[in-house]
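From just these sequences and the hints, can you work out the full model?
Residue numbers (this note's numbering), protein chains in the order written: chain L, 3 to 755; chain X, 180 to 518.
Among the clues, some could well be false.
[Unchecked claim] The calculated label-pair distances, taken between Cβ atoms and stated as ranges, are:
1) X:Ser209 <-> L:Ile244: 44 to 54 Å
2) X:Ser414 <-> L:Ser291: 45 to 55 Å
3) L:Gln251 <-> X:Ser209: 48 to 58 Å
By construction, these hints were calculated from the structure, which means they are not laboratory data.
From a predicted model like this one, the values you see are computed outputs, not experimental measurements.
Built from N, CA and C at the ideal position, the CB exists for glycine as well.
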Amino acid sequence: MIWDEVGESEAERDKMLLELERECLEVYRRKVDQANRCRAQLRQAIADNEAELATICSAMGERPVHIRQSDQNSGRLKEELAAIIPQLEEMRKRKCDRRNQFLEVLEQIQRISNEICKSTDYNSSKIVVDETDLSMRKFEELHRQLHALQKEKSDRLKQVLDHLSTLNSLCLVLGMDFKQTINEVHPSLNDSEGTKNISDDTIERMDSAIQKLLEVKIKRMRRLQDLATTMLELWNLMDTPIGEQQIFQNVTCKIAASEQEITEPNILSEEFINYVEEEVSKLEDLKASKMKELVLKKRSEMEEICRRTHMVAEIDNGMEYAIEAIESGAVDPACILEQIELQIAKVKEEAFSRKEILEKVEKWLAACEEESWLEEYNRDENRYNAGRGAHLTLKRAEKARAVVNKLPAMIDALGTKVRTWERERGIEFLYDGVRLLSMLEEYNILRQEKEQERKRQRDQKKLQGQLIAEQEALFGSKPSPSKPQSGKKGPRMSIGGANGRRLSLGGAMLQTPKPDLPHPAKLTPHLRPSKKGGLLSHHQDDSCVALSAGRRGLDIAGLPVKKHSFNAANSHEIESPMTRKPFSPLSAAMLPKVNPNFLEDLNKVQGGTMQKTLPNSNTPLATPSKLACVTDEDNRTPKEKMPIPMPTTPSTISVSMQTATTPAPAIATVLFGANKIEDNRTPKEKMPIPVPTTPSTISVPMQTATTPAPAIATVLFGADKIEEMHEEVEYSFEERRAGFVIPKTHVISVVQV
Amino acid sequence: MTGVLPNSAGRELSNPPSDGISNLRFSNHSDNLLVSSWDRTVRLYDASANVLRGEFFHGGPVLDCCFHDDSSGFSACVDNTVRRYVFSSGKEDILGRHDAPVCCVEYSYAAGQVITGSWDKTLKCWDPRGASGQERALVGAYPQPERVYSISLVGHRLVVATAGRHVNVYDLRNMSQPEQKRESSLKHQTRCVRCYPNGTGFALSSVEGRVAMEFFDLSEAGQAKKYAFKCHRKSEAGRDTVYPVNAIAFHPVYGTFATGGCDGYVNVWDGNNKKRLYQYTKYPTSIAALSFSRDGRLLAVASSYTFEEGDRPHEPDAIFVRSINEVEVKPKPRVCPAP
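Below you can see the structure in the form of structure tokens.
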């Protein structure tokens, strides 16, 4: 229309239209392109987001659940985008959190590892978080690492503390400053509150410090122990008083201790060791000053050894010289001491080699002793008398005989042993300076001599026996060959026996046997001259039997007449073969029938055995009941025999003999009477003495004449008086002291002190 | 001597008698000690103070003494007299006479009588209240088989030991007859007899180092308990020396007893358990007498030669008072009242 108006040409019009058309198409095309681009952009954004989401998810190790979803509904891009964005936001936030956690852990790890090893560069110095791997696994791994590190740290801390305590104890023992020591290792260690440096380096340094201290400790310990040993030796040498030793007790008791055992504070400190050292040197000084004494001591030790082994010490002169040398200071005493010790060792060695022989020698000497004892014993006539300990001596004799029999063999063995020894060593075996072999020879010679002597004695005895037999043929009586001997022996034995006697100070009863015994002993020799006649045995037996009877304590027994006849009877009997029963036991004396034997016993048993039996025979005295029976028997026997002996008893002769030849007993009785009071003996036991010595009335005048004590006289007049006497004779100490005498029939004498 | 024996022997009393001590006794009321001696005196000491309180002279050696009460006492003298002394005034009465030296004296609190034993073979009882005329004081005289050597009292029982080893047991209320006539179970002369404090028996010592423990009870069971033991002996180099046992003293509390011998030792025994409890160190010479104080805390020991070996030089006579430890006198295994 416009064109009509304008009249545009068709051509133009067409052209215009075409242009129009082209322009329109262009706009359209442009719009479509724009839309297309927008869509593509959208898609791109979604893809981007999804990709990021996927990355994050993969980094965090989680499965991206939504990706598939977006693939399926691809229709609504904007929706999709809107959906994906919050997810992405969420994931991003989570990732950030995770990363922070990682960072934290890593930081810790780094700190710890820093602490642990300052020098070595762990993977640290700055924190790098691997963004790509933030998965839980990795996180856990990191945690584990952290834990391990933490553990290591505590371990190290403990180790450090251990080391510290060790160091502390070491320092204590060694007397060092602990603080200073650890400061040297690391200053932080000294800080008791703050953290301690626990790096490898520190620990290493601590280790080395401990090592160092230990070495020091061991060194010092050795030194101390050496000192202690020396000290002990010195103490021992010089007999240091315990008090002084006590101070160093803690040192010496550690002498064998191991390193661990020494824990006492300061025991290894410099000062203490110096102190001990000082003491030791003091002792050393002392030792030097005492060296002389020591030398002497050692020497006496050596002499002791020599003495024990019966060797002769040959060191004397040398020693004197050595001592002088020490005094003058010319010789080092230690050197001499050493020498002596060497000698001692040598002597000990020799002593050891001699030991076997010495033992044999001991045995030999003991045997010799036993032999000589046996000889002595064999000479003892009383050896078989029963008495206290008699069985023991018998046993000993038996043993001794066995030993003596073994003697020759012993000597032989000893001789060969000694000879071998001498051959081996080429020196003589000296026993106390005398050659043992010569000793043995001497002994052998002595032995042979003894043997000969014995033989000679046997011959003599045989000869004597023959002589007696001849006499017997001549005189018809049979005096026992041993009688003269027993008579001779009697007194000697009784005196000797008195020594072995049981001694009782107050027990007057026990003491009495002593004075008693010599009388019978003396009696017999006095009577012996009369033996020349045929009556000899009568007299002797007579008096002795009487003695025995009296001694048995027939206090109530017997009128003198009766007794006398009884004695006579016995004496008559003696002529019968009964005479000799030499070794009948003493206890048999209690039986009147065995009386004759008693004579022998009396003569022989005057030694120690007597005093034992006497108190026994006294016992019945004290108990009247027993006594009665004894006396009964006594009285009976003579009665039966009375008729026979009376005519034959040579009483008058014997009596006159006695008065003439035995003044001694008579005097004895007189003395006894006079001394009775001041003497300790109680007359009870004495009573028997006058009885036998005055067997008949004829002697009475003599006694009465010489004896002032009326008591004695009464004995002879009647049994009643005897009885009384016996009852009165006992005095207490006070009575004796007061001089109190029992007022008898006529004489009353109360002596006042 | 004091130098030789320091405290181990106990305290030695000053002013001891100048001759042998025959007996000593503690008072029943105090620690006073009465001592009789051969030097013809009776002395009164205060043992705890070690003071000589009094000295009373006699006509002859005094063989025994005893307290009446704390103010007076009795003595038995060789001049045959029995005397009574009043300590405070020194007044002296002659209570009576025997025909021979009087060797022991006892005062019975139960009977109020003085009993004396003499070598004239009699026992006499006296009433101390009687005036000096002996006829009035004498209660009775009782013949003994032998010379009296030692007597001892417990309650109404009186034990008399004489020479010849006789032992008579009397009841003080009936003195006409001995209640029991015995023979010493020891074979040797009796030295001392002392009754158990519980009154069941007596201990008897002999010159031959032995002590017999006897019982009054005559039944078989009672007699089965009696026994004797050896003591105060010495065995030296195979020689046995036997010493007389001069003194026995019972502990008033424990009933254990001490014996003293011529060996100079004092032994303490537990009679029930047959054990020796203690031996004190040796005294210079024989132990002549022993006495425990009333409470048993002190033991007086007379170390004085008793003439057992006749007249010979000897250590000076001395009295030691020793304090007793309970361990020394207390029965050990179980506590028993008395033997």
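Here is how each hint holds up against the structure:
1. X:Ser209 <-> L:Ile244: 44 to 54 Å: Given range 44 to 54 Å: holds, Cβ gap about 51 Å.
2. X:Ser414 <-> L:Ser291: 45 to 55 Å: 51 Å, holds
3. L:Gln251 <-> X:Ser209: 48 to 58 Å: Since the Cβ atoms of Gln251 of chain L and Ser209 of chain X sit about 56 Å apart, the hinted range of 48 to 58 Å holds.
Every hint, counting from the list given before, is met by this structure.
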